[in-house]
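Novice: Using the sequences and the hints, build the whole thing.
Protein sequence lines correspond, in order, to chains P and G. Just so you know, we're using the numbering used here here: the first sequence kicks off at 1 and counts up by one. Just so you know, we're using the numbering used here here: the second sequence kicks off at 1 and counts up by one.
Misleading hints may appear alongside valid ones.
Claimed, not checked - Chain P regions said to be covered by chain G (calculated; three or more residues, Cβ under 8 Å):
id : stretch
1  : 64 to 71
2  : 197 to 209
3  : 278 to 288
4  : 362 to 374
5  : 400 to 409
Unchecked claim - Derived lysine to aspartate or glutamate pairs resembling EDC-like cross-links, with alpha carbons at most 20 Å apart:
id : chain 1 : residue 1 : chain 2 : residue 2
6  : P       : K219      : G       : D173
7  : P       : K220      : P       : E184
8  : G       : K270      : G       : D209
9  : P       : K270      : P       : E184
10 : P       : K219      : G       : D198
11 : P       : K220      : G       : D130
12 : P       : K220      : P       : D179
13 : P       : K220      : G       : E184
14 : P       : K219      : G       : E184
15 : P       : K220      : G       : D198
16 : P       : K219      : P       : E184
In case anyone wonders, no lab produced these hints; they're calculated from the structure. Ideal placement from N, C-alpha and C gives every residue a C-beta, glycine not left out.
There are 2 protein chains.
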Amino acid sequence: MSELKRKSPESLQDRLDQVHELLRRHRLVENLVHRQEGEHQDLVESLVHKQNLVELQRKLDELHPADVAYILESLPLEERLAVWQLVKAERDGDILLEVSDAVRETLIADMDNEEIMAAANSLDADELADLAPDLPRDVVRELMDTLDAQQRERLKSALSFDEDQVGAMMDFDMITIRDDVSLEVVSRYLRRFDALPDHTDKLFVVDNDGLLQGVLPVKKLLVSSPDLLVADVMSADPVVFDPEDDASEAAQAFERYDLISAPVVDAQGKLFGRLTIDEMVDYIREESEQEVLSAAGLREEEDIFSSVWKSVGNRWAWLAINLCTALLASRVIGLFEGSIEQLVALAALMPIVAGIGGNSGNQTVTMIVRGIATGQVQVAHGRRLLRKEAGVALINGFIWGVVLACIAWLLYDNVALSVVLLSAMTLNMLLAACMGVVIPLIRLRLDRDPALGSSVMITAITDSGGFFIFLGLATIFLL
Amino acid sequence: MSELKRKSPESLQDRLDQVHELLRRHRLVENLVHRQEGEHQDLVESLVHKQNLVELQRKLDELHPADVAYILESLPLEERLAVWQLVKAERDGDILLEVSDAVRETLIADMDNEEIMAAANSLDADELADLAPDLPRDVVRELMDTLDAQQRERLKSALSFDEDQVGAMMDFDMITIRDDVSLEVVSRYLRRFDALPDHTDKLFVVDNDGLLQGVLPVKKLLVSSPDLLVADVMSADPVVFDPEDDASEAAQAFERYDLISAPVVDAQGKLFGRLTIDEMVDYIREESEQEVLSAAGLREEEDIFSSVWKSVGNRWAWLAINLCTALLASRVIGLFEGSIEQLVALAALMPIVAGIGGNSGNQTVTMIVRGIATGQVQVAHGRRLLRKEAGVALINGFIWGVVLACIAWLLYDNVALSVVLLSAMTLNMLLAACMGVVIPLIRLRLDRDPALGSSVMITAITDSGGFFIFLGLATIFLL
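Specialist: What follows is the structure, encoded as structure tokens:
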């Protein structure tokens with residue numbers, strides 16, 4: 001590939017492997033040194049040790065901050081902190097922005113206030129706002145004092161928004177121009193910059209009062225005649241956002257209209273900041289990870305190498321909820337202990353009814369919640385969706401119910417028991433389908449998050465409901 | 001907001017509401033006309049009908065193709081096809097690219113070959129490649145014939161890659177320049193274009209043989225002196241991809257390095273195509289949706305308004321797997337029917353042991369699978385993670401086991417039963433934790449997808465295992 005150095009994911013992996021190898025050697029030497037403590041310390045080994053560290057530091061300096069962040073995240077705590085010490089102080093800020101919240105906490109805990117201040121000094125107001133919630137309070141106050149008036153104002157305004165609002169995600173790196181100048185003048189103006197901000201795919205056209213008039217895409221600037229006026233070339237109808245807009249809606253708009261950057265204007269139409277695609281991509285990724293985590297009953301992102309106690313804290317809440325629903329299901333069974341004593345096969349078959357109902361209900365609720373999230377499902381669709389899901393449940397319940405009834409008949413040689421099993425399975429899947437449609441739609445109407453805990457609720461209903469339907473039918477018809 | 005028209009998500013919602021309102025009126029009139037069939041058809045009503053359609057068509061014409069796609073997706077089948085008929089033929093291609101696979105199928109099924117050919121004519125080779133798998137075979141063949149040699153070559157090569165490979169996602173809209181010309185010449189060259197391709201944030205520098213020499217970011221072109229040569233300004237070490245690279249790795253690289261576009265080069269270093277951030281965003285979104293869907297046992301994306309039979313087809317596979325695992329758990333219980341007959345409380349308590357083990361195991365497996373996906377977890381970390389997860393499970397198992405043992409003691413007044421319950425819960429959560437670490441790591445080592453079905457497998461183990469441990473301990477110690 002001649003002069004062109006490849007930097008694709010594979011070669012990144014190579015670099016990471018090199019760092020890991022250096023760390024391993026570093027560890028070996030440390031162990032050796034450790035073992036010889038008290039004895040005569042071998043000069044050669046100490047040199048090897050130092051050499052390793054120097055090489056490691058050199059490797060780290062070559063890496064993009066995002067790659068260093070990635071390495072830090074994939075290291076257990078002690079090694080993570082050892083590597084963190086090797087990173088040059090002026091890069092600390094950029095790297096802290098890239099690591100996950102959980103890992104950021106461990107890194108900041110290892111820094112003293114001076115180091116934090118030094119790291120923060122290289123950052124813009126919007127980047128500081130991202131870090132601020134994780135910093136010690138007195139450091140934030142001290143930081144505020146070092147900023148100039150404009151930066152302080154920006155930091156304050158960024159901090160005033162909710163984490164999920166556009167205002168908390170925007171930056172202030174916009175280049176503004178007037179609409180009454182020629183493109184020639186714009187080009188000359190741009191050449192006065194040393195570098196343009198990242199993601200500058202458009203310039204923002206404002207009037208004397210800072211009101212947004214339109215945007216001038218760089219693409220248009222490049223192909224248009226230099227004599228034209230900005231007003232003739234700009235698009236006067238750009239996609240704009242309000243700082244109070246919901247970030248997930250902004251992300252959808254970025255996706256839908258293939259945006260790279262977009263202006264954020266306040267209620268008066270004044271240009272306030274700008275949103276860029278990289279923030280939106282991070283948001284989309286985080287949002288989807290949150291969805292996967294909460295479906296599994298993890299409250300938040302967890303540092304995979306965090307301590308046992310921290311993990312217990314992250315996980316106990318959902319286990320407690322699960323315990324309550326399991327206890328409820330257990331009490332439902334308790335109601336029918338007499339029936340089980342008479343026909344112990346019921347105990348063996350009842351988990352099947354509950355389990356397959358839960359699976360089917362989760363399929364329905366996932367479909368509906370996703371439809372709500374993408375805006376395809378409205379409350380008005382309720383009856384139509386209910387009909388469809390009930391149909392699916394009836395067919396699936398009947399088909400698998402017949403299969404299972406045959407197996408149960410082979411095992412227990414009891415036709416009545418098989419018929420009860422078939423009926424219970426079909427009914428429980430019907431219950432699951434209805435609840436799978438109704439619960440998220442009710443939550444939508446009440447303006448609550450339709451996704452939160454919906455899977456737990458469905459499982460609780462299909463467990464208790466399944467046991468009740470199966471044991472109830474059995475008690476009525478079999479005993 | 002003076003002259004500036006807002007087009008933020010809210011006002012999009014307004015437009016969508018207008019379309020829905022027009023559709024509703026359209027439906028009302030149709031019903032009316034339908035009721036009067038055979039009678040004297042009222043001219044006025046037919047006019048109202050037409051007027052509605054014209055207004056609807058006008059509204060649709062104003063909307064971005066992505067918005068029309070969104071409307072089509074949120075409509076039940078009959079109305080979806082009615083709206084689809086109103087869309088201008090030359091926009092069909094763009095809209096087909098935007099809708100989800102499931103909805104695209106319903107739209108294409110409604111078009112005849114001529115309409116499809118007309119829609120396809122407005123598309124580029126890489127866009128055709130996205131549509132081709134959903135088109136009738138003879139249409140694809142006919143299409144191939146209408147393309148010029150270069151386009152046909154590109155379509156063929158795009159189709160030759162796997163859906164998840166970079167080669168299937170790249171486009172061919174790159175602007176190439178030589179490195180021995182001045183920026184002034186580049187600027188003049190660009191001005192000869194009517195418009196630059198979307199997402200042109202860099203120009204690709206190639207030599208006479210088409211080998212990639214570097215990239216010239218547009219940002220640099222704008223701030224640098226026009227007299228400089230491309231070779232002096234370009235970056236010679238860009239992030240490049242191979243057409244056979246995995247799309248998920250490319251997406252991670254785009255995220256990590258905040259890329260907007262990147263060159264794709266073949267094994268010889270020849271420029272082959274380009275990747276853009278919009279494709280990567282779509283990929284990230286689809287990948288995360290796939291994860292959520294498959295966790296719930298849905299094989300693929302499902303049109304929420306699809307027919308009952310289609311949905312049954314999409315869902316039966318996982319229900320069948322679930323049925324098998326449930327049957328296995330049921331047979332484990334069957335082994336201990338004698339014990340349950342003697343102490344029926346076991347039947348009521350056993351689902352708790354199984355359920356909370358499943359929840360806990362799913363937490364572990366989700367953490368590990370995520371860690372593997374982000375590259376933080378390697379096989380070498382196995383022992384450390386096993387220790388940690390076992391610790392978490394022991395603590396959680398013991399705490400909740402004690403709570404539950406107390407409740408069971410209150411209910412059944414049987415200390416021995418409570419102790420068995422406590423032991424079984426702790427052991428089953430330990431089993432869940434170990435399997436939650438071991439299963440994904442084994443799959444990783446065997447080069448399989450660690451996520452696929454891991455939740456089903458864990459639940460199967462904790463169900464059967466939980467029943468076995470609890471009933472086994474009870475049989476040994478209580479009877």
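Novice: Tell me, which hint numbers fail for this structure?
Specialist: 9 and 11
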